[in-house]
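Q: Chain residues, written in single-letter form:
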Amino acid sequence: MGKIVAVTGNEACAEALRQINPDVCAAYPITPATDLMQRFSSFVNDGKVDTELVLVESEHSAMSACIGAAAAGGRVGTATSSQGLALMWEMLYIAAGTRLPIIMPLVNRALSAPLNIHGDHSDGMGARDTGWIQFYSENAQEAYDNTIQAFRIGEHLDIRLPVMVCMDGFIVSHSIERVEYIEDADVKNFVGKFEAVNPLLDLDNPKSYGPLILTDLYHEYKRAQHEVMTKVPKVVLDVAAEFEKMTGRSYGLFETYRLDDAEMAVVVMSSAAGTTKDIIDQYRDRGVKIGLLKPRMFRPFPYQEIAEALQHVKAIAVLDRADSFGGYGPLFSEITGAVMSMNSKPAMINKIFGLGGRDYLPEQAEHVIDELIEIAKTGKVETVKEYIGVRE
Amino acid sequence: MTTTAKPLGLKKLALGEDRFSYGHRMCAGCGAPIVVKQVLMATDYPIIATNATGCLEVSSCIQQFTAWKIPWMHSAFENSAATASGIEAMYRSLVKQGKLEDRNVKFIAFGGDGGTYDIGFQSLSGAMERGHDMMYICYDNGAYMNTGIQRSSATPFGANTTTCPAGDVIPGKPQQRKDLTRIMAAHGIPYVAQASPSYHTDLMKKVQKAFEIKGPKFMNIIAPCNRGWRSRTNDAITLAKLAVETCYWPLYEIENGVTKVTVKPKEKKPLVDFLKPQGRFKHMFAPENEDMLKQAQEYVDAQWDRLLKESAAGESEKAE
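Chains as they are written, first to last, in the working numbering: chain P, 1 to 392; chain S, 1 to 320.
No lab work stands behind these hints: they were computed from the structure.
Check each hint, because a few of them may be wrong.
Straight-line alpha carbon distances no greater than 25 Å define the calculated SDA-like cross-link-like pairs of lysine to any residue that follow [stated by the list, open to error]:
#1 S/Lys99 with P/Asn189
#2 S/Lys99 with P/Asp186
#3 S/Lys6 with S/Gln208
Bound conformation, chain P alone (with noise of 0.2 Å):
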């Protein structure tokens, strides 16, 4: 068994990146995750690692020299929030259609406008689209465990896409927490060496990288895309199964609590779930069969097992800390996406909480199971969407 620490998230997040080794970073500045590529720039230059570190001047030219170090032939991270995520928008679909695997840790923060530096998914929820595989994590440890698999997961042959491991800004980034830390000669292991596919740098086979695709065959490359993405589950799961046998720590495309007899489910993301766990507990205690889903794996959604985790249950609250305006959120969407395929429907409704950072309180998650238990009951829902922990 490893080392057993109190860090915070960024900081278990740069010691996985530490125990990686990768071959090359490219970093920018930005808060909450400018803490974990400080840390890391100390593991650089105290020598502690071999990576090249190139300190960019934007969060566009940090994925674009991640894009290019990636394509030349290496193992490759950076870490970013909100902001910088968002200027890596265009990059970010690159980096993806070039299905190169670059790792990294998104420490989940709110977009501007109103400016605001603290936790919400906004950030994530916007990359959704882009190609790239996400999980979230609910904690340090985590975050810790998750980055070290992304490696695996996002260079795996079958694969070879980039991996997003997103953990809540302050609330996991900055949050000392204990952490169960694995041996280094484990991780080195465990992540294995890497291996290069069509790399720049063979001199003596020279590809050429980026070309332009029409109408001919741009959509067939994109059908390969969705294509490749179908087979990240599996992989994922044989990922986790040999990181437990290591560990002992059990990982899944989403975890349940206590939700195997519940008659009502809430399904929530990251931080927030543990909070939900503690409510559920009192609940259960009075006999309110009350359970949860918590995605870890957003990209690719995993529609069909969700579905069969929840068929059993009348009423879901799904919980989104991000929104779409003018839409539902964009968890919610997902879940009905997955309910689609059950022959009786739940009723569900979409709260949205936390956003900015907002305290999602013991209160707020015992309104939400109270509202479920009648609409349980009545099998009526009231208002779909609706905001909670609102100052009115």
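With chain P held as given, fit chain S onto it using these hints.
A: Chain S in isolation, oriented as in the chain P frame:
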């Protein structure tokens, strides 16, 4: 480091291998592929190149066809320098770790003037400041030719483009060009040069010199575009020569801060010799726009005089 530079005799060069091959789809008479060929011909070092989105990129690598016989990458418009810096960093990392043999690879980032002066300026400036061992080469045709001749900050004063047309009220581009070569020199990088494909020996010598210098290098190379310049298809080299002879595009280099004019025209021709054969300046020859010609000439004169002074200062510094 001392190496014997590749001889630049035309006969020898003609027999050498083309690393930018025929079959690309650049327009007939385009200056850009000539620039690329001359750059790649100048050296036998292994080269890895990146390319900003633009004419050169869309015409040289389409679907399964590529004109590049060297490793080449295009990712987006504004990031040729950043992409190259990532490749160069990976090369350094793998060599340092003993994972890759050091073969003295040279890195070039290509971009047009739009991708260099404008949208790619930040990425270029950043890569140069970080000191990557790479060369940025701008092929400057003075407008966004790929999207249909829109003005860029490299477009010369008065030029008629599709976004600064020669209208009844505003006759072409009201501003002078951005002097990017000097801006790059202000970065304090070891080597900056301006070149023209009409002086191929000068251009290739500069490339050779740059490749022997460690660190970031920048070359700005004029690349006539007959579509945008509204000139004859077979005039690319003639116009690139007139640009030098009129001192519109002086050939010079700034090595470790010391400026040197590398080709001084025997007789400085009037700017109109360069402007006249190009349809984009036609309106400037109308009697009511006489003042525009004067302004254009004055700007070139001032720039040239300043350059001569700097070059003379460089010479005397060397003499001391």
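Q: Measure nothing beyond the straight line between the CA atoms of S/Lys99 and P/Asn189; if it is 25 Å or shorter, mark the hint as holding.
A: holds, 17 Å
Q: Would you mind confirming whether the straight-line C-alpha gap from S/Lys6 to S/Gln208 stays at or under 25 Å?
A: Holds, at roughly 8 Å.
Q: For the pair supplied as a hint, S/Lys99 and P/Asp186, confirm whether the alpha-carbon distance does not exceed 25 Å.
A: Between S/Lys99 and P/Asp186 the Cα gap is close to 21 Å, so the pair holds against 25 Å.
Every hint, counting from the list given before, is met by this structure.
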